[in-house]
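Numbering of the sequence shown is given in full-length UniProt numbering, commencing with residue 1 and proceeding in unit increments.
What the hints contain is simulated information worked out from the structure, not anything from laboratory work. Check each hint, because a few of them may be wrong.
Okay, the calculated beta carbon distance ranges per label pair [to be verified]:
1) Thr20 x Ile339: 20 to 30 Å
2) Asp291 x Lys229: 15 to 25 Å
3) Ala347 x Pro35: 36 to 46 Å
4) Thr197 x Glu310: 35 to 45 Å
5) Gly59 x Gly29: 40 to 50 Å
6) Thr206 x Met1: 47 to 57 Å
7) Asp323 x Pro35: 42 to 52 Å
8) Ala344 x Arg266: 32 to 42 Å
9) Thr197 x Asp107: 32 to 42 Å
Positions of the beta carbon are idealized from the N, C-alpha and C atoms, including for glycine.
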Amino acid sequence: MGVSGAGTAQCWGGMTNAQTLLRTHNLDGVLRYEPADMTIQVGAGMRVADLQAVVAEHGQRLAIDTARIDQGATIGGLLATADQGPMQLAFGGPRDLVIGAGLVLMDGQVVRSGGHVIKNVAGYDLARMVCGSLGTLAVITDATFRLHPVPAATGTMALEVGIDEAVICARAIAQAGLHPVAAEWFSGRLLIRFEGTQTGVQDRLTAAAKLVGGAVGTLDATEANAEWKQHATIANPNQQSEAHTTVVRGLARPTDVTSLVQQANRITLEQEALPTVAAAVLSGRVDLKVDAVILSSHAAVVTRWRRHVENLGGSTILRHRSDELTDLISAWGAPPSAIDAMRAVKAAFDPDHLLEPGRFDPWF
1 MGVSGAGTAQ CWGGMTNAQT LLRTHNLDGV LRYEPADMTI QVGAGMRVAD
51 LQAVVAEHGQ RLAIDTARID QGATIGGLLA TADQGPMQLA FGGPRDLVIG
101 AGLVLMDGQV VRSGGHVIKN VAGYDLARMV CGSLGTLAVI TDATFRLHPV
151 PAATGTMALE VGIDEAVICA RAIAQAGLHP VAAEWFSGRL LIRFEGTQTG
201 VQDRLTAAAK LVGGAVGTLD ATEANAEWKQ HATIANPNQQ SEAHTTVVRG
251 LARPTDVTSL VQQANRITLE QEALPTVAAA VLSGRVDLKV DAVILSSHAA
301 VVTRWRRHVE NLGGSTILRH RSDELTDLIS AWGAPPSAID AMRAVKAAFD
351 PDHLLEPGRF DPWF
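Start from the sequences, fold in the hints, and give me the full structure.
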């Protein structure tokens, strides 16, 4: 059985061969909202954008900005994929913000983990366990998250630099205690975002510009929004219009970002394909978007770049590809060191492998 909210991550990982699809989109209500405690519990089918609209009325937000939100991503899908956006640098991802979840196990049991108390330590932390499981352990029915205030001001600076200099500049800004909430590089351009009071943001933009020098520009709100949206399309292409596109995400140490980006460009060009690369320069996340007509070029790029990422101790996941590519390449590379534990957890929660069969193939 497959599980889907809005279906924005159906291409992630292996292609499931489930015979039945369970849709959670009708589980879309606010179950409990405590503005004073800055926590909210909502159904798994609620769109993240709708949640943001509800809490914005109280000057609050769920501090997650993955691009799939604009495509209609749901809360359950966000938790199941553990998807991250640029603000992960400052606030972490879904695993860091979730404090509770309601689950239905394959034997029919309804279980709950955590609640509205952020430091609740009773019982097993099942909410975090299913985060990133791609729906293979249980059906998520609802989730509880801690919220953050909407900042009074936001500012983005842009710097035209190569990836090696981008890493140096971003590290200098972070080490100077300027606290950027996002630091992303793509297409020869480094974007650094700050949040806070109007005066505080302006002071940090000025200090950061002096620190890195060069041709630094401060973007107005419209320009910044356009830049961040363009960045988002790299990791989240349109499922229908980009049939000749493959997207693979690499995760490694921040110190290896330069190598990952340089090898991604080199390998893709050697296969006569067009690369577009985006990197979270302070956290080690690199997205490679490959455009090519010949399927074998996609497969060769993914295979070679995956090998490079794994040689550096990192991992990869396919986020987007055509159906035809499925038979040419595995969605996953070498199994992680924790594979035995992963298999044991899967066996305990879904011994018959009924949930999302094939999603983690060939690992289990």
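Hints, verified against the model:
At roughly 27 Å, the beta-carbon separation of Thr20 and Ile339 lies within the given 20 to 30 Å, and the hint holds. Hint check: Asp291 to Lys229, Cβ distance near 19 Å, so the stated range 15 to 25 Å holds. At about 42 Å, the beta-carbon gap between Ala347 and Pro35 stays in the expected band of 36 to 46 Å. Distance hint check: the CB atoms of Thr197 and Glu310 are about 44 Å apart, consistent with the given range 35 to 45 Å.
The hinted range of 40 to 50 Å is not satisfied by Gly59 and Gly29, whose Cβ atoms lie roughly 22 Å apart. A hinted range of 47 to 57 Å holds for the C-beta pair Thr206 and Met1, which are about 55 Å apart. The hinted window of 42 to 52 Å between Asp323 and Pro35 holds, with their beta carbons roughly 45 Å apart. Separated by about 39 Å at the C-beta atoms, Ala344 and Arg266 satisfy the suggested range of 32 to 42 Å.
A hinted range of 32 to 42 Å for the beta carbons of Thr197 and Asp107 is inconsistent with their spacing of about 52 Å.
Hints 5, 9 from the list above are not met by this structure, while the remaining hints are.
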